[in-house]
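Participant: Quick note, the sequences are listed as chains G and F, same order.
Last residue of the first sequence? That's 266 in full-length UniProt numbering, and every number before it is there in order.
Last residue of the second sequence? That's 266 in full-length UniProt numbering, and every number before it is there in order.
These aren't lab readings, by the way, just hints derived from the structure by calculation.
Take these hints with a grain of salt, some might be off.
Said to hold, decoys possible - List time: in silico BS3-like cross-link candidates among lysine-lysine, alpha-carbon distance up to 27 Å:
| no. | chain 1 | residue 1 | chain 2 | residue 2 |
| --- | --- | --- | --- | --- |
| 1 | G | LYS45 | F | LYS91 |
| 2 | G | LYS91 | F | LYS91 |
| 3 | F | LYS91 | G | LYS65 |
| 4 | G | LYS250 | G | LYS184 |
| 5 | F | LYS91 | G | LYS109 |
| 6 | G | LYS18 | F | LYS151 |
Listed here are the chains, written in short residue letters.
There are 2 protein chains.
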Amino acid sequence: MNVSIIKIGGNVIDFPEKLDEFLYLFSRFPGKKILVHGGGVLASKFGESLGVMPEMVDGRRITDKDTLDIVTMVYAGLINKQIVAKLQALKQNALGMTGADGNLIRSVKRPVKNIDYGFVGDIQEVNVGLLQTLLDADIIPVVCAITHDKKGQLLNTNADGIASELATNLSKKFKVNLYFCFNKAGVLIDEKNENSIVPLINEEIYAELKKENVIHSGMIPKLDNAFAALQKGVNHVWIGKAENLLLAAKGKLSGTTIERHKYDLY
Amino acid sequence: MNVSIIKIGGNVIDFPEKLDEFLYLFSRFPGKKILVHGGGVLASKFGESLGVMPEMVDGRRITDKDTLDIVTMVYAGLINKQIVAKLQALKQNALGMTGADGNLIRSVKRPVKNIDYGFVGDIQEVNVGLLQTLLDADIIPVVCAITHDKKGQLLNTNADGIASELATNLSKKFKVNLYFCFNKAGVLIDEKNENSIVPLINEEIYAELKKENVIHSGMIPKLDNAFAALQKGVNHVWIGKAENLLLAAKGKLSGTTIERHKYDLY
Numbered sequence: 001m002n003v004s005i006i007k008i009g010g011n012v013i014d015f016p017e018k019l020d021e022f023l024y025l026f027s028r029f030p031g032k033k034i035l036v037h038g039g040g041v042l043a044s045k046f047g048e049s050l051g052v053m054p055e056m057v058d059g060r061r062i063t064d065k066d067t068l069d070i071v072t073m074v075y076a077g078l079i080n081k082q083i084v085a086k087l088q089a090l091k092q093n094a095l096g097m098t099g100a101d102g103n104l105i106r107s108v109k110r111p112v113k114n115i116d117y118g119f120v121g122d123i124q125e126v127n128v129g130l131l132q133t134l135l136d137a138d139i140i141p142v143v144c145a146i147t148h149d150k151k152g153q154l155l156n157t158n159a160d161g162i163a164s165e166l167a168t169n170l171s172k173k174f175k176v177n178l179y180f181c182f183n184k185a186g187v188l189i190d191e192k193n194e195n196s197i198v199p200l201i202n203e204e205i206y207a208e209l210k211k212e213n214v215i216h217s218g219m220i221p222k223l224d225n226a227f228a229a230l231q232k233g234v235n236h237v238w239i240g241k242a243e244n245l246l247l248a249a250k251g252k253l254s255g256t257t258i259e260r261h262k263y264d265l266y
Numbered sequence: 001m002n003v004s005i006i007k008i009g010g011n012v013i014d015f016p017e018k019l020d021e022f023l024y025l026f027s028r029f030p031g032k033k034i035l036v037h038g039g040g041v042l043a044s045k046f047g048e049s050l051g052v053m054p055e056m057v058d059g060r061r062i063t064d065k066d067t068l069d070i071v072t073m074v075y076a077g078l079i080n081k082q083i084v085a086k087l088q089a090l091k092q093n094a095l096g097m098t099g100a101d102g103n104l105i106r107s108v109k110r111p112v113k114n115i116d117y118g119f120v121g122d123i124q125e126v127n128v129g130l131l132q133t134l135l136d137a138d139i140i141p142v143v144c145a146i147t148h149d150k151k152g153q154l155l156n157t158n159a160d161g162i163a164s165e166l167a168t169n170l171s172k173k174f175k176v177n178l179y180f181c182f183n184k185a186g187v188l189i190d191e192k193n194e195n196s197i198v199p200l201i202n203e204e205i206y207a208e209l210k211k212e213n214v215i216h217s218g219m220i221p222k223l224d225n226a227f228a229a230l231q232k233g234v235n236h237v238w239i240g241k242a243e244n245l246l247l248a249a250k251g252k253l254s255g256t257t258i259e260r261h262k263y264d265l266y
């Protein structure tokens, strides 16, 4: 069985029209699938309206008790349920979840080293059996960026990390493809030219592109994560724009596909 | 198979200690079970902190767009996920849901007659197959008071009504008992005396108690709902305090049990 894990971020979620367009494309996406979403910008805006200011360190949100309540409300409540209701209208049997639901994802609270991130989770375990039960029942899990520690504590958890962990754990049983929708058309040779997409990257090409400084800064952790997922058994990872998702599903070049082995290219 | 549907309201949810105590009792409750919860007081408080004042008509919340967002955040996000995480810590495989998730409960927006209740749902259909899939997988559904219209709209929906509809629909396949936890020890002969519980009510006794004015005002719709559920096949309905739930499960008199036929009494 093939399973596709598709992750969307704030660049889709924060714009109702873009979200609707994406959900329509997602509904046309063939095969078994799982949607993973964040919602950080909406959570920040909402928190500010309550007088809770977002505090970020290196792009990561510091999650105190109030912030945890806010992200739980916004991710697991507002965004997750609006997505589920919209997918249901598109005849997609979506079911919204956090990592606490059915013990889908168990995390530990990130240990305090230099920075205390607060109620932030590092993923420990994924309940593959539950996902299989749901996928077998033709249910589409819609997973938001909240997990738990199985001791009663909810934990704010990076959505990219959730997508990767679901993918690597499912790849023990299924052929899994992982799709990251983000705000660029893929890995670009020229950042200002959306047509300069690198269509395929493997470890050899990645090393070259880093050496030539084509790939740098924010793209490096994304690609490192992608290669880590491939090494743990994921079939391929795709990075591109949400609106090109269906092209990607059809195997058409529409973003950057990341594959482990060079022979995949030839 | 026996299934128990247990409904808790604000008198439990609004007090963290009471909620913890209840969840412990719920975790000890034997057999297949489903938890249904509201959360109105917390939603009102939270709405007020955002400048959205609750507007009630005959105890029913008028649900405009902002209020719908708030109840979705508070019921489906904050309360539902905290309950799920706490139950998971008690080794209960809880999975939180709205009626939109897996199309569990389809409603229609209440038609406007004298009053426009806004985004309030009247239940049309329950997905018994999904509940069966979950219960078969030893999952405990935790259902909050939000449904959808299958056209993309979430709807605020009375939690008592959800509990009754889940119970009546499941009773076509299972032996179903319905438990309403509320702020009194049961139906009382003397409202001021918590020991004056009427232990068993059937239709005959109900008629007498109404005639004698022992049962009046707010208790009448509750009991009418209970009898409606019994007529649709529910085995029995129990009304009492959350802290007496386990006694009720063991068949000990601890609240008011409502049964349809008088021969049940003898």
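Participant: For each hint given before, does the structure comply? Return the numbers of the non-compliant ones in rising order.
Facilitator: 1 and 2
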